[in-house]
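Asker: Chains A and B supply the protein sequences, listed in that same order. Quick note on this note's numbering: the first sequence kicks off at 30 and runs consecutively. Quick note on this note's numbering: the second sequence kicks off at 30 and runs consecutively.
One should not assume that every hint holds.
One copy or two, it doesn't matter: identical chains are merged, so the pair holds either way.
To be verified - Result set (DSS-like, lysine-lysine): computed pairs, CA atoms no more than 30 Å apart in a straight line:
(1) LYS285 / LYS85
(2) LYS254 / LYS146
(3) LYS254 / LYS85
(4) LYS68 / LYS303
(5) LYS204 / LYS180
Note that these hints are calculated values from the structure, not bench results.
2 protein chains.
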Amino acid sequence: MSLADDREALRQAPVGVFDSGVGGLTVAREIMRQIPNEKIIYFGDTARVPYGSKSKETITRYARQIVRFLQEQRVKAIVAACNTASAYALDEIEGEIDIPIIGVVKPGARVAAESTKNGRVGVIGTEGTIGSRIYSTYIKEINPEIQVMGKACPLFVPLVEEGLWQDPVTDEIAKRYLGGLIDSEIDTLILGCTHYPLIRSTLGRIIGEGVTLVNPAYETARELKELLEREQLLNEKKQELGMNCYRFYVSDMAEKFQSFANSILKYGILSARKIDIEHY
Amino acid sequence: MSLADDREALRQAPVGVFDSGVGGLTVAREIMRQIPNEKIIYFGDTARVPYGSKSKETITRYARQIVRFLQEQRVKAIVAACNTASAYALDEIEGEIDIPIIGVVKPGARVAAESTKNGRVGVIGTEGTIGSRIYSTYIKEINPEIQVMGKACPLFVPLVEEGLWQDPVTDEIAKRYLGGLIDSEIDTLILGCTHYPLIRSTLGRIIGEGVTLVNPAYETARELKELLEREQLLNEKKQELGMNCYRFYVSDMAEKFQSFANSILKYGILSARKIDIEHY
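Based on the sequences and whatever the hints tell you, model everything.
Answerer: What follows is the structure, encoded as structure tokens:
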């Protein structure tokens with residue numbers, strides 16, 4: 030095979046996307062929308078979900094196992110579609126592998142820093158993401174003048190997974206979680222957990238019209254596109270959508286994952302296969 | 030050492046208690062109340078919590094690892110203080126080890142079967158416990174005439190862990206979850222998840238005065254006492270309460286565990302030690 034053939038084979042390789050569970054599907058959905066020619070291999074760590082309340086050490090070990098699994102599937106690039114894993118594990122893993130890996134935190138931080146007019150940015154996420162202060166760190170690298178206020182919202186993920194996307198209970202909990210950020214007069218709010226875009230309309234209504242919502246899922250898909258272009262890895266061959274393009278793996282509860290995935294993805298997923306992630 | 034000395038050493042050995050996280054502390058608390066001379070080694074699987082939404086296969090593997098760890102600590106008996114683990118893993122593990130192991134499901138089922146007058150029993154718990162229909166199976170072994178109605182309540186655990194034990198949001202969610210059971214005119218309700226005793230007053234108010242609440246934590250401590258008496262394993266030597274009596278291990282987030290434990294146990298716990306459970 031010639032070098033040109035090799036390069037073309039690499040372009041046709043899938044992108045690996047992983048998350049602690051179903052949340053990262055909002056990132057996969059944005060990739061499907063923005064770069065529809067790309068194949069995707071998605072891994073949801075449903076046996077060990079949630080990541081948000083676990084330690085850096087544990088999350089890094091989990092992320093390493095998943096990256097090994099995705100490399101075995103010969104992906105050309107990896108997206109850590111999980112804020113906690115991006116916050117805790119990305120820097121270390123980046124130095125250990127020879128394919129590009131991006132997370133959801135940096136793209137979200139960059140756009141928030143560009144978007145704020147009054148220099149007051151709010152971030153909501155899991156305890157892990159907020160406790161790591163990772164959004165604040167990245168935003169201050171761009172502009173140290175910006176004040177970043179974080180708020181952990183541990184009930185949002187279970188509320189989303191229970192299907193209460195539009196519900197008075199979710200409204201009430203959102204009012205409590207967002208009250209302090211409203212008082213701080215933020216003009217930009219980062220949805221720092223991949224589940225949150227699914228309650229975006231509730232969050233937008235409660236935080237108020239003057240506040241720009243930043244969805245890192247959208248920004249990450251944009252950054253992935255730029256990265257693939259820059260590295261000449263973008264797949265220009267049009268795909269037939271279907272099982273060959275999008276493959277889903279989980280560490281547990283494949284059926285439950287499938288039904289959630291089918292509720293948020295445009296294309297029904299044919300099946301999710303269970304693998305033993307602890308062996309990687 | 031004589032046989033009598035051996036037997037005495039065995040009596041002095043601790044009881045092992047495990048759960049997916051903090052919920053099993055309500056069982057440990059009952060053991061401390063009812064048989065205060067017993068030493069306890071508690072393991073909370075905080076790296077892999079929650080169990081309620083995972084498969085039988087996964088939960089059985091986790092429980093086996095924990096049982097190996099507890100045996101290494103030379104416990105004389107084991108309490109699976111977790112409804113999901115009791116439902117999924119107990120029958121298999123019982124045949125694999127040479128010390129007694131009991132779960133929380135059988136004691137709860139027995140008392141519910143004795144308590145109901147109209148033969149209509151409700152069970153609330155995680156998806157795993159309810160999906161397994163384990164309470165129904167045990168109750169029908171005792172009295173096949175009893176009708177058992179299960180309802181999974183996935184938001185209760187996060188609400189308890191967020192501290193909303195007395196809160197209008199918990200009331201509202203409880204009304205939704207319990208509505209069908211109220212309509213079914215149950216006269217007995219099993220709190221089929223170890224977190225639920227912490228919102229017992231909310232549950233009791235909403236389900237109504239005519240319904241008997243069964244707390245498997247209480248019944249399990251009673252059954253443990255009877256078991257230890259029967260096997261001549263009850264420790265009759267009075268303990269000095271403190272670190273020697275109660276030892277706590279977790280698989281992650283030891284500090285967070287400690288602070289939750291201190292909010293529900295009478296005796297402040299000195300420390301929780303983190304271990305790598307996946308190596309067992």
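Asker: With reference to the structure, classify each hint as holding or not holding.
Answerer: Consistency of the hints with the structure:
Taking the closest pair of Cα atoms, LYS285 and LYS85 come within 30 Å of each other both inside a single copy (27 Å) and across two copies (14 Å). For the homomeric pair LYS254 and LYS146, the shortest alpha-carbon distance inside one copy (27 Å) is at most 30 Å, but the shortest distance between copies (65 Å) is not. For the identical chains of this complex, LYS254 and LYS85 are intra-copy neighbours only, at 29 Å inside a copy versus 40 Å across copies, given an alpha-carbon limit of 30 Å. Taking the closest pair of Cα atoms, LYS68 and LYS303 come within 30 Å of each other only inside a single copy of the chain (19 Å); across copies the shortest separation is 40 Å, beyond that limit.
In this homomeric assembly, LYS204 and LYS180 come within 30 Å of each other (Cα to Cα) both inside a single copy, at 12 Å, and across copies, at 28 Å.
Checked against the numbered hints given earlier, the structure satisfies every one of them.
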